[in-house]
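Colleague: Let's have the full structure, built from the sequences with the hints guiding it.
The listed protein sequences correspond, in order, to chains V and Z.
Here the first sequence is numbered in my numbering, starting from 1 and rising by one per residue.
Here the second sequence is numbered in my numbering, starting from 1001 and rising by one per residue.
Note that these hints are calculated values from the structure, not bench results.
Treat the numbers as computed from the prediction; the structure is a model and nothing was measured.
Mixed in with the good hints there might be a few duds.
Here are the simulated lysine-lysine pairs, DSBU-like style, with alpha carbons at most 30 Å apart [what the hints assert, rightly or not]:
no. : chain 1 : residue 1 : chain 2 : residue 2
1   : Z       : K1094     : Z       : K1136
2   : V       : K185      : Z       : K1133
3   : V       : K185      : Z       : K1103
4   : V       : K185      : Z       : K1094
Part of the chain V face toward chain Z, derived, beta carbon under 8 Å [unchecked claim]:
no. : residue
5   : R164
6   : L167
7   : A168
8   : R170
9   : A171
10  : S175
11  : A179
12  : V184
13  : K185
14  : R261
15  : L265
For glycine and all other residues, C-beta sits at the position ideal for the given N, C-alpha and C.
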Amino acid sequence: MDYFVNVTITGLTQGMIYAAFALALVLIWRSTRIVNFAQGSMAAATTFIALSLIQAGASYWVALVVALASGFVLGAIVERVIIRPVEGGPELNAVIVTLGLFVAIQAAIAIIFGSSFQSFPTPFGVRGFEIGETTIPLTPTSLYVIGAVLVTMALLVALFRFTRVGLAMRASAFSQEVARLLGVKVGGMLTLGWGLAAVVGSLSGLLIAGGTFVYPAYMDSLIVFGFVAAIIGGLDSPVGAIVGGLILGLALSYVSGYAPRGSALVTISALVILIGVLLVRPGGLFSSTTARRA
Amino acid sequence: MTEAHGATAVSRSGGSAASGGTATTGGLLQVEDLTSSYGPVRALDGVSLTAEAGRITAVLGANGAGKTTLLRTISGLVRPVSGRVLLEGHDITKAPVESMVAKGMAHVPEGRGVIAELTVDENLRVGSLFRGKVGKDEFDRVYDLFPRIAERRNNAAHTLSGGERQMLVIGRALLAQPRILLLDEPSLGLAPRIVAQIFGLLRQLVDSEGLSVLLVEQNARSALSVADVGVVLNLGRVVVTDSASTLMADEDLRHAYLGF
Ligand SMILES: Nc1ncnc2c1ncn2[C@@H]1O[C@H](COP(=O)(O)OP(=O)(O)O)[C@@H](O)[C@H]1O
Ligand SMILES: [Mg+2]
Chain V
1 MDYFVNVTIT GLTQGMIYAA FALALVLIWR STRIVNFAQG SMAAATTFIA LSLIQAGASY
61 WVALVVALAS GFVLGAIVER VIIRPVEGGP ELNAVIVTLG LFVAIQAAIA IIFGSSFQSF
121 PTPFGVRGFE IGETTIPLTP TSLYVIGAVL VTMALLVALF RFTRVGLAMR ASAFSQEVAR
181 LLGVKVGGML TLGWGLAAVV GSLSGLLIAG GTFVYPAYMD SLIVFGFVAA IIGGLDSPVG
241 AIVGGLILGL ALSYVSGYAP RGSALVTISA LVILIGVLLV RPGGLFSSTT ARRA
Chain Z
1001 MTEAHGATAV SRSGGSAASG GTATTGGLLQ VEDLTSSYGP VRALDGVSLT AEAGRITAVL
1061 GANGAGKTTL LRTISGLVRP VSGRVLLEGH DITKAPVESM VAKGMAHVPE GRGVIAELTV
1121 DENLRVGSLF RGKVGKDEFD RVYDLFPRIA ERRNNAAHTL SGGERQMLVI GRALLAQPRI
1181 LLLDEPSLGL APRIVAQIFG LLRQLVDSEG LSVLLVEQNA RSALSVADVG VVLNLGRVVV
1241 TDSASTLMAD EDLRHAYLGF
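Modeller: If you want it as structure tokens, here you go:
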């Protein structure tokens, strides 16, 4: 029983991180109809910024805030400078540009920060809480990860639902031309959207790094799982990204925890789940293609 | 909607000789010798026209005449090859699209332009964003004008009927407090009863509140019945500009260009 709870909590924690990464992809897809293949290395870059601050003596929290802020700046600059020229053009151009950016940023990380394995700290312990004699499998770190993602998502929901700029961003995402005719500065909203998405992506990179080793390609498996989660969810739906992330996190945790030689099967399981979902619902679980066409 | 409305500013001119001739009288919106192309396709070819303040100016013509391109060029969605657009005497030819509504020009695009994923209320709010804080009374006024969308204010806009969508986008445009409203085929796909209702409301807003309208329509009969002035477009050129009643009475012209 303990083991099952433990595996479930691990799955939820990982799933939250996949959800955050998937959400970053979804935010960009909704606003610019571009799949940002560079999301992973953009997040890795900010994690390395945090790491060098920590190595220079800064606290984890200062490093976290600076990393998220630089994620915002990086996302905004990428949209303005690199994405803007290919926006609205042939889809393949944008794919090639973001793939190229992915490789370029990863190479830049190796040049600037080196390609050795470096340990990344976590601000909380990884031992379960103790209640009297028994140790429950919920650790402070997993609580922190789940809480950080939930708070971020709540802030995003509040931004989009209850603020004027959030409404302008949604209008720009759904219908650029109409938004412009209504006086919304659509270009600024797209830049803001990319910046916010990069913050969420950076958060996922920082959380997955906590308590492990980082190197330029340390995000690679998160990138795969984040993409699978986003596509399971429908790529168009923020709720879908979160549900997709949690489903994938739990499923992979059970595979790794219960199947014989499970940890070797994790990546292939992710792809099996992806194919299974797409066979049943080709648009993903939360696709809203019909509403968009109407 | 007879001579009294449109008689002062109209000039009857044949063929493409209309270019330039009427555009110097100083209307609210002036289009001077406007030419727009999509690659090799010249959709507008030296179009000049004036929309006077407090009038409904109808631009009529068959499918493909260039009506939509005219409105899109006026609001900056299409950049012209040559020519100018003046709003209250100021050259807005190169102004950014998103600045137009603050200058007093609201463009309701073809196909109505509701944002389907947003609710009715959110659609209206987007239309007032550029003005900063807008009082609830202004929203109430739109809902009073269109009770049918008031009932559905919290529904997603994609659940609305065609007529309700048209009411929503006109209401949204009015929230911008425009001096001139550009409407692209508002009657398209609507039942005649709804068209009459919407056109009647436009007439009322123009007569009682000083709104001005540039109305693009393929449905020339309905448009002329509400407009003061008509401009007939064919293959990107102005064929004739005259008062709506004169155009209505010209049987040859109606048969040749207006399809009734
Ligand atoms: N996006 C476009 N690309 C190429 N040609 C276009 C485009 N839009 C319109 N046209 C052409 O320009 C001409 C005028 O079209 P349009 O302005 O839509 O006319 P209307 O609104 O009167 O039906 C037509 O010949 C049409 O085929
Ligand atoms: Mg048209």
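Colleague: Each hint: holds or not?
Modeller: Each hint tested on the structure:
| no. | hint | result |
| --- | --- | --- |
| 1 | K1094/Z - K1136/Z | 34 Å, violated |
| 2 | K185/V - K1133/Z | 17 Å, holds |
| 3 | K185/V - K1103/Z | 15 Å, holds |
| 4 | K185/V - K1094/Z | 16 Å, holds |
| 5 | R164 | 6 Å, holds |
| 6 | L167 | 6 Å, holds |
| 7 | A168 | 6 Å, holds |
| 8 | R170 | 7 Å, holds |
| 9 | A171 | 5 Å, holds |
| 10 | S175 | 5 Å, holds |
| 11 | A179 | 7 Å, holds |
| 12 | V184 | 6 Å, holds |
| 13 | K185 | 5 Å, holds |
| 14 | R261 | 45 Å, violated |
| 15 | L265 | 39 Å, violated |
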